[in-house]
Amino acid sequence: MPQEVRGVVSREKGKPVTVETIVIPDPGPGEAVVKVQACGVCHTDLHYREGNIEDAYPFLLGHEAAGVVESLGEGVTGLEVGDYVILNWRAVCGVCRACRKGKHHLCFDTHNAAQAMTLKDTGEELKPALGIGAFAEKTLVHSGQCTKVNPDIDPAQAGLIGCGIMAGAGAAINTGEVKRGETVAVIGCGGVGDAAIAGAALAGATTIIAVDTEDRKLEWAKGFGATHTINAKNTDPVQGIRDLTDGFGADVVVDAVGIPATWKQAFEARDLAGRLVLVGVPSPDMKLEADFQPFFSHGGSLRASWYGDCLPSRDFPMLVDLALQGRFPLDKFVTERISLDDVEQSFEKMHHGDVLRSVVIL
Numbered sequence: 001m002p003q004e005v006r007g008v009v010s011r012e013k014g015k016p017v018t019v020e021t022i023v024i025p026d027p028g029p030g031e032a033v034v035k036v037q038a039c040g041v042c043h044t045d046l047h048y049r050e051g052n053i054e055d056a057y058p059f060l061l062g063h064e065a066a067g068v069v070e071s072l073g074e075g076v077t078g079l080e081v082g083d084y085v086i087l088n089w090r091a092v093c094g095v096c097r098a099c100r101k102g103k104h105h106l107c108f109d110t111h112n113a114a115q116a117m118t119l120k121d122t123g124e125e126l127k128p129a130l131g132i133g134a135f136a137e138k139t140l141v142h143s144g145q146c147t148k149v150n151p152d153i154d155p156a157q158a159g160l161i162g163c164g165i166m167a168g169a170g171a172a173i174n175t176g177e178v179k180r181g182e183t184v185a186v187i188g189c190g191g192v193g194d195a196a197i198a199g200a201a202l203a204g205a206t207t208i209i210a211v212d213t214e215d216r217k218l219e220w221a222k223g224f225g226a227t228h229t230i231n232a233k234n235t236d237p238v239q240g241i242r243d244l245t246d247g248f249g250a251d252v253v254v255d256a257v258g259i260p261a262t263w264k265q266a267f268e269a270r271d272l273a274g275r276l277v278l279v280g281v282p283s284p285d286m287k288l289e290a291d292f293q294p295f296f297s298h299g300g301s302l303r304a305s306w307y308g309d310c311l312p313s314r315d316f317p318m319l320v321d322l323a324l325q326g327r328f329p330l331d332k333f334v335t336e337r338i339s340l341d342d343v344e345q346s347f348e349k350m351h352h353g354d355v356l357r358s359v360v361i362l
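For the sequence shown, the UniProt record's numbering assigns the number 1 to the initial residue and increments by one for each residue that follows.
Read the hints as simulated data drawn from the structure, not as lab findings.
It is possible that some hints are incorrect.
Unchecked claim - Keeping only pairs whose Cα atoms sit at most 20 Å apart, straight-line, the calculated EDC-like set for lysine to aspartate or glutamate is:
#, residue 1, residue 2
1, Lys35, Asp152
2, Lys120, Glu20
3, Lys15, Glu124
4, Lys148, Asp83
5, Lys13, Asp342
6, Lys217, Glu348
7, Lys217, Asp331
8, Lys13, Glu54
9, Lys332, Asp215
10, Lys13, Glu125
11, Lys349, Glu219
12, Lys15, Asp55
13, Lys217, Glu336
14, Lys15, Asp121
15, Lys127, Glu344
16, Lys35, Glu70
17, Lys217, Asp236
18, Lys120, Glu137
19, Lys217, Asp354
20, Lys264, Glu289
21, Lys13, Glu124
22, Lys127, Glu20
23, Lys179, Asp246
Using the sequences and the accompanying hints, generate a full structural model.
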């Protein structure tokens, strides 16, 4: 039988979100209904509300979630009712040209649940954020979006791995391929940037430089492994990074902001053969302009990291286990625990930089 649950919905561009009654259908073939235990409030949810992702209102927001599988549709394998899972927004197909090459993290045909969740009052189909829609007591996803992890981890921490933590840590570990003894700079010290710092520390970087315009965020960055900080309001980031790396520049520079100005700073702050990793999300109207010759003379690589180039089945359990071992500071990302009714207020706190992550507890 279809179920009625509470969920956070964005009905109009730029308008405050509301808590609505939504209808969850029984899972169809390959689908799962998950009882959500916790879901982080990510900038991407705010982008959905503001119409910066697409214009397919109404949206069911929320995507950084952990919970328990409640029911399964036909044909699901490798997953059972009662499994504790982190939700991911890229269920890989296994048969596209990327998957056939063994590069499942680049799957060109990822998919979500085929059925739609709906608003009870109007019957309108809801567009779930990143195919998840987890600011709700329960949600419907494709079974491939459910990644089983150790149930000993706090759901408020675990859910964050499903997006921001994985994006940042993966940018350093998977895309940037940070190695022991290397120097790393991270521009932008929000949740994704701090996850990149934590990932660089985990990989063995010896010099990790955090760059931001707010002293409070720079202090937070130290708690995730930054060895040095630069306030870009007072110090030119490029010169500051060079000064902290014997004049050479960093082996890896992660741009966790995603605007042309920070990308150019990252480009210029690399050492010879250095790697630039873009993980901050640019808007469609942005244009890049850079001198061509310095790229040739410096060599190295310019990379974009999408979802941290992760493979959820491999990377989610690894980060959970590292957190349980005390080797990855997952707990430090949780600033506050809130209810579904507090999501709109959490967007305001996010805008002012008051939190790393607010987490909805259900």
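Of all the hints numbered above, which does this structure not satisfy? Sort the numbers upward.
none
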